[in-house]
Structures are given as structure tokens and as C-alpha cells.
Amino acid sequence: MISSLLPPDALTLLQEAAPAAAIPAPWTIRFFRQPIPAGFPSPAADYAEEGLDLNAYLIARKSSTFLFTVVGDSMKHAGILDGDKVAVDRAIEPRHGHIVIAVVNQEYTIKRLYRRAGVIELRPENPAFPAIRFAGLDELHIWGVVTGVVRRFAV
Amino acid sequence: MENTPRVFALVDCNNFYVSCERVFNPKLADKPVVVLSNNDGCAVARSNEVKALGVKMGTPWFQMQPLARQHGIIALSSNYTLYADMSQRVMTILRDFSPEVEVYSIDESFLGLQGLSRLWPTYTDLGQAIRHRVGQWTGLPVCVGIAPTKTLAKLANHLAKTRPEFAGVCDLTVLKEGQLAGYLACLEVGEVWGVGRRIAARLQALGIGSVQALRATPPHVIREHFGVVMERTVRELRGISCLDLEEVAPPKQQIIASRSFGAPVISQEELREAVSRYMQTAAEKLRQQGSVCSAVQVFIHTNPFKTHDRQYSTGVVVPLTQATDDSRRLVAAALWGLARIYRPGYCYKKAGVMLLDLAPASVRQASLFSQVNPRTAHLMRVLDELNAAHGRNTIHLASSGIQQRWAARFDHRTPRYTTRWDELPRVHA
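Those sequence lines, one after another, are chains C and W. In this text, residue positions in the first sequence follow UniProt numbering: the first is 1, and each later residue adds one. In this text, residue positions in the second sequence follow UniProt numbering: the first is 1, and each later residue adds one.
Don't read these hints as lab results, they were simulated from the structure. Keep in mind that a hint or two might mislead.
Pair by pair, the computed Cβ-Cβ distance ranges are [as the list claims (entries may be wrong)]:
| # | chain 1 | residue 1 | chain 2 | residue 2 | range |
| --- | --- | --- | --- | --- | --- |
| 1 | W | ASP85 | C | GLU93 | 19 to 29 angstroms |
| 2 | C | GLU50 | W | GLY190 | 49 to 59 angstroms |
| 3 | C | LEU52 | W | LYS306 | 50 to 60 angstroms |
| 4 | W | GLU247 | C | GLY136 | 37 to 47 angstroms |
| 5 | C | VAL155 | W | GLY115 | 48 to 58 angstroms |
| 6 | W | ILE395 | C | ALA128 | 22 to 32 angstroms |
| 7 | W | GLU165 | C | LEU52 | 21 to 31 angstroms |
| 8 | C | VAL155 | W | ASP85 | 26 to 36 angstroms |
| 9 | C | VAL103 | W | ILE240 | 14 to 24 angstroms |
| 10 | W | ARG197 | C | GLN106 | 49 to 59 angstroms |
| 11 | W | ALA29 | C | ALA117 | 26 to 36 angstroms |
Think of the CB as a built atom: it goes at the ideal place given N, C-alpha and C, for glycine as much as any other residue.
Could you put together the complete structure from these sequences and hints?
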């Protein structure tokens, strides 16, 4: 089933997050890292955690994941806006309902993959744009499956 | 387990640099593409379409202009940042298949396969799984050669690339002796790993023209003519494993940093800047591998392709009183050497430095007149950390200049698609 329209949030994950692989984390936020006074064990020490790693949240497999910059508005109702960065995992087998990067007219395009009852289409999520229909699967060259979108605000 | 015979796979990316470019630019598919060396000099990678036009490895770009115009060859500057990142991805994927991986070059790795046979119906199935996984995850085509020795695995890889019947994976361990001999008889002896052009010519003079002929020559005969290294090669061709995997690369015995200039250089001042720059790069590599060096070589030369220009090519070795990894001392030594060999009146095309006589920094010996200053080590560490965090050459010695007019040209360099936020590939929505 195609997921419902999502509001363009600052950080929207369009797929359920896959299990986090062991990826070195350049950006981590550490909790409970205050100096421990000598003599008294810190009551917080048992609760120390590794922190949150946005890389691990967005990227399940580093070897097969690439980032793209989005140009255009055809996916805006899926929460993907002009200028956003999207994470694309080539290891995922594309299925109906996935947002994918495909090669159309020798260019990369990002669209929702529709594949039902013999109909194969790349569908935009903006009524101003038409769907692209394919006669067969071998006509459609999918580069990878989009697993997330990142946007930073100018502050 | 120790009685299990060794089995090696050589996994090699096809036309690696060109393939990397094609992953991010669909317009390059099925077109003749070459990747050129620094300063857009010579072909360092060719697509199959370019190979079919007869363009050889190392052909200078200006020499293939007529062909390029006729067939629309697309030339790209080398984008080593991208290639290194893609290489890293491939090597990580290979480590999922075997615990034993030797990264042999940017686009080739040896894998130890013995012990994995129970996990796969055949080694060919394993090879196909590697091909499929690397292809799907990175977009890069690879071929796999499988054999009981590394030397044979290299040849198996060559067969996998050139013989369509193998579908990209050639396992020599399942071939019958007659079949194997047949294939090896069709390969020239120069295809053998470690047999260079000179040895190939000497072998041919002895009537040994094919790989099979070399394999059939008794090893002791080869040793008499060529020494023990070639004898070992013949044993490897006969299926006796003599070369094991080197999973940890030994520290390099010499470090070279050299470049062709983007524009011809005439003045000593500009040569000094370039030599200083290259030495700082080399010194960083030296510190990365934890070595010190006791001698540096500087070399400069003019452009041998410009046959009308006056030619000059020379180098000098400068010994150091004390082994060091201090950029300032190394640069000073290189500039001292440069002053000895520089002659005015020539158009210089290239300069470089080589660090010689490397030793681990931990065993360095103090000389009579100087001591190791702990503040130096600290300063160099800060330098390397700043440059690692903020990009190459953020901090450098003033002797390498500010304008760097001589710096390399990358007229056709593609974006660093995987390592720069502002150079990511673009997708149309």
C-alpha cells in the first residue's frame, strides 16, 4: 500500500528504519558523561548510553548507501522538497510503494514505484506532474531505493 | 583444517575508474570513455568501447585527438577521491564473504576461500554471489578468478574477463588438466603476474612464449636463468602455493610524491613551492605509517613529449644527519637539493620527491649533535589533525606558496559524488 501523504517535516523517514549496523559515528550526543567524583560511585553510571547516531538511523548499510541532492518539486507531497538530501540504498530490492531513483532519458529521477495488476509506473507526488508508464520491467532501470530524507534549516 | 589445500580468489573491478564514473552519470553508459592521469595527460582507464578502438593504456590525450573527434570519446580527469571511496565500499563488501582479504590495489583484492566450500555448492556459486552483491550494492562490475595459487588466480581473473563462457567467474580448480593447458596455451607469457616486458622477451628468446610453455618448463631450469623469484612463479603456475595472503600491508619502503604541473614552470621560485608542497604531502604519509626517513631525493624534468623544447631531467639524493619525520627539516633538505640541480632556461613539466631509507619511528637513533624534540612531534600531530579535519593544505609551510600557479589542472574532473555535500549527484523530482 502506498503510504499516506506526509507533511514536509524537517526530518522525515519514509521507510521503517532498518537495524543499525556498526558504523563509526562522527556525530554522537553522549548522555551522562559528567566527571565522577572520587570515592562515590555515580548513580548515573549504570544508565550511560552510547548516544544517538543519525548516520545509523538513516543508513543501515554504509557500503550500499549513497546521498543525492533533489532538484524539483514533483515529490513534495511525499515530504521531499527541492534541495533536500535523500539517502539511497542499492541493497534493497525495489517493491511496489517504494520511493526509488530510476534512470529516465539518461537522467536520474526520484518517484514512487507503482507496480500493480501489470501496470508499471513511476508516480510523482504532486498533481502538477504526470506519471511515467513502462511497458515492461526491463524498460525500467531502477538505481536504488530511497530510505530517508534530510533537510537542514538556515539558522 | 591445515591439510585443506589453499584456494584463492582474485576479485578485480572491470575498468575501475570508468565504472566509478558511470555509476553516477547515466549519460556515460555505452559511450567510449577514458579517464586521464593528472593534468589530463595520459589514459589511465579505458571503457571497453575505447579498448575496441585500439587505444592503449598510457596513451597521451593529445595523441588520441583524431580518434576522439571521430568516435566521440569522452575524456574525464581522474577523480581519486571518488575512486578511493568506491574502493572502500567494495573491500567492505568482500570482507562479508571471507575473513581473509588482502587489498592488493585500489581495484583488486585477494580472498582466502578454503574453509568456505561447505557454505556454497561450488566456488563458482560463491564467485557469482560476490559479483552480484558488488554489482547491486555499488554498481561496479567485477570479475572473479579462483585457483589454488595467487598467480593462477590472477590468470583465472584474466580468463573470467576475456572469455564470455565463464560469465565473469573462472574457477580453475574444477578444470581438467587438458582444459587448463588449453587455456594457458592461448595466453602470452607476459600475462603472468610478475613477468614484466623484459623477462617476457628473454623467455620468448628461449622459446617459452605461452603461459603453458612456462608452466611446462622444469622449475630448476627457470631458476638457473632467472633466479628464485621466477622459479617460485613456475611452482605457483603448477598449483603449488608459495605466496600467501598479506592481510596487513607492510609499511612502504619508499614514499613518492610527484606531479606534473598544470602550466610549465621556469623559475626556481615556483619549483621551490611545488617541491615544498609535495614534500609536505610525503611527510604526512610518512607520519601516518609511523616511519622516519634518513634521505630524500628530489627530481625535476622537462616535458619529453615536447620534442622541440630543450630537455633536462635530473635528480639528487640528500642524506639527513638524523632520521626524521619533521616536515620542516624534510622540506629544507629537499629545497637544498633542488638548489643543487636547478638550471635556468628550461620549461619544467614535473617535479617530485622521494623519501628513502625508511625506518620505524620507534627505533630512531639520535645523532651526536641533535636530540629528538618532543615539541616537534606534538607540532606535527597538530598539523596533521588540522589538515585531516579541515581538508588538505589547510595549514602548510609558507615555502609552498599561496597562489600555486603550477598546481595541477583538472579540466574535466567530475564531482566528488560521495564525499562532498555540495557535490552530491543530483536527482530530478
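Each hint, compared with the structure:
1. In this structure the hint that W:ASP85 and C:GLU93 lie 19 to 29 angstroms apart at CB holds, the actual value being about 24 angstroms.
2. Checked against the given bound of 49 to 59 angstroms, the beta carbons of C:GLU50 and W:GLY190, roughly 54 angstroms apart, stay inside it.
3. The hinted window of 50 to 60 angstroms between C:LEU52 and W:LYS306 holds, with their beta carbons roughly 59 angstroms apart.
4. About 46 angstroms separates the C-beta atoms of W:GLU247 and C:GLY136, a value consistent with the hinted range of 37 to 47 angstroms.
5. Distance hint check for C:VAL155 and W:GLY115: the Cβ-Cβ separation is about 55 angstroms, which falls inside the suggested range of 48 to 58 angstroms.
6. For W:ILE395 and C:ALA128, the hinted distance range of 22 to 32 angstroms is not satisfied, since their beta carbons lie about 50 angstroms from each other.
7. One distance hint, 21 to 31 angstroms for the beta-carbon pair W:GLU165 and C:LEU52, is violated here, with the actual separation near 52 angstroms.
8. Our hint of 26 to 36 angstroms for C:VAL155 and W:ASP85 holds, since their Cβ atoms are close to 30 angstroms apart.
9. The given range of 14 to 24 angstroms is broken by C:VAL103 and W:ILE240, whose C-beta atoms sit roughly 48 angstroms from each other.
10. A hinted range of 49 to 59 angstroms is violated for the C-beta pair W:ARG197 and C:GLN106, which are about 41 angstroms apart.
11. The hinted window of 26 to 36 angstroms between W:ALA29 and C:ALA117 holds, with their beta carbons roughly 31 angstroms apart.
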